[in-house]
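Chains as they are written, first to last, in my numbering: chain A, -9 to 158; chain B, 1011 to 1512.
Treat each hint with caution, since some may be false.
[Said to hold, decoys possible] Heads up, simulated DSS-like pairs for lysine-lysine below, C-alpha to C-alpha not over 30 Å straight-line:
1. B:K1455 - A:K9
2. A:K132 - B:K1455
3. B:K1387 - A:K99
4. A:K55 - B:K1430
5. B:K1455 - B:K1211
6. B:K1455 - A:K55
Hint data in this document are derived by calculation from the structure and do not stem from the laboratory.
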Amino acid sequence: MALEINIDGQSVNVELLSKKDNRYQVSIDGKVYDVDLVMVEKGVYSVLYKNKSYNVELVPGREPKTYTIDTLYNSYDVDILDAEAKYLKGRKQDYLEDNLAISSPMPGKVVKILVKIGDKVNAGDTVIIVSAMKMESEYKVKNDRIIKDILVKEGDTIDGNQPLIIIE
Amino acid sequence: MIRKVLVANRGEIAVRVMRTCREMGIISVAVYSDADRTSLHVRYADEAHYIGPSPSNESYLVIDKIIAAAKKSKADAIHPGYGFLSENAAFSERCKKEGIIFIGPSADSISTMGDKISARKTISKAGVPVVPGTKEPLSGEEEAKKVIKKIGLPVMIKASAGGGGKGMRLVKNEKDIVSSYRAARSEAKAAFGNDAVYVEKYIASPHHIEFQILADMHGNTIHLFERECSVQRRHQKVIEETPSPLMTPKVRQEMGKHAVAAAKACGYYGAGTIEFIVDDKLNYYFLEMNTRLQVEHPITERVVGIDLVREQINIANGLKLTYKQKDLSQNGHAIECRIYAEDPDNNFMPSPGVIQHITEPLGFGVRHDGYVYEGFKIPIYYDPLISKLIVWGKTRDEAIARMKRALHSYKITGVKTSIKFLEKIMNCPDFIEGNYNTHFIEKNKSFLEEKDICKGDCKAIAIIAAFIDYHNRIEKAQQNISTGNTSSSWKLSSRKKSMFKI
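All chains should be modelled from the sequences, with the hints used to inform the complete structure.
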């Protein structure tokens, strides 16, 4: 099996060369790695490479086939780019070109919406305030925009990265 | 004697209080909001009472609901923890009226110490040093010169009506007094429509050092030494340690005496904390008093060997303190790190969510006060504190090494945490040398924010893990499909027949 994988924005080609029990031979852009890899707990892999012991944690991302991967000090965002993922990604980009959504990176509660549909806002204006864990964050527009749609109301509980306000 | 305690709090502190209750054979009662049904304090308690919707002003902060839960559960005492209603004089008063013991100080002590101006007055009367300055506006340039000479430079001239840094002038040299005074006045006038200004001693490199005190209802007050709390971010404590690397035995003894005097000045009973602001030369001034248990109380417990919650309960029972000042000493060194659900790579943005996986550090000299477990969803409504990691060592160096080891094995996934940031602090030369004040994080910003570059093959290992995980999942999915095909309806019917035979 060979796949394209995107790690922190960089694309690499990964291929499985052989597998025996938990011993894998994998090539990344042509470089061959012999690793002993076992899932020891849900989402946690113990990896032995050149007799060095690594603990790697895989946290599924918000989108399917994406992961956040934590090694001891580093955290990586990884996308598996199989055929389906590539297709969906292409479609999503088309959608995003037409619509820009304001969202919060963390879950929380909508405290205040400062705009109405149809409002013209200037660069730097705050459009929505979200509170999480006793801290309020203001979300601003980066350019002059028109409010196209408001998808939430004040008091709503929201997820991270959920589109809240569509601007144009 | 208290036999049943309602803990009017949530999170790690509720669990911590209940642990001592259990040791003392006291029944514990939890209260919980919608968001906290599965919270550990509810599971740990002997009883739990629902008190309403998730926002704390509709549950944990509603005095009537807490009192109703206490009555219903027939609890004879309420422990308020920290935050929420712990420093609410009306709540202490209400408990008294309802015949429920409030495990904390009297309403009087809370209100005297809760107001900064009345606290300052009470404290100065008791001979405890306060930050030198005038609280009254300066009458003119001549008075300004006179007063500033008396206080000693540097000073800060501040607008009486002010806030937010407007109308403030730092004066370092005598020749700048008059011009700074004028500038502060005109700025204050422009900003607040009021040109009254006063002057206060400026402490250039402030340390935040606090003293733990315990007082019974019979006039006995003792202190349990200091805690150094200068590692702060946005006025929020991040790391605390005891003893303070700055302290000398002489100053400690003096400050301890003043802490006891401060508590006595407001007729205090219970556990409390006197906060001081201290400069590099160990001049110290009263800052405020916290009339409750502090978040960082475990480091004192560890070094002095006294369970502060047990003492609080004994005091509330009207018992005399069993310790005298001369019985107490500091044994070794303790450090606490606060683990917050926040993203250090993204301006410490709060990071609520579901705990996917947690491995807590164990081993000699490590204490872990927390409340989350795998699958628990950290609510968006409350403080982002996940847990506190407390380590002890014979020496400060040993304690730092132990904290590094504990942080290294502390793994939480699903939410972002401050663990990495805390590890950075433990490796920061200024911290290791004990050479820091409240500007520590700002001063060491570049060191603390620098990303560790993995020297080995971390990136390749991450790619391989993701690739194999995906590969194995696909393989498993295909196997499921193929096994699905083999169970034909012929086989199924024959299986059914054999079932009938049985």
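Evaluation of the provided hints:
1. B:K1455 - A:K9: It is violated: about 46 Å lies between the C-alpha atoms, which goes past 30 Å.
2. A:K132 - B:K1455: With a Cα-Cα distance of about 27 Å, the restraint between A:K132 and B:K1455 holds, given a limit of 30 Å.
3. B:K1387 - A:K99: holds (15 Å)
4. A:K55 - B:K1430: holds (26 Å)
5. B:K1455 - B:K1211: holds (27 Å)
6. B:K1455 - A:K55: Roughly 35 Å between the alpha carbons, so the hint for B:K1455 and A:K55 is violated.
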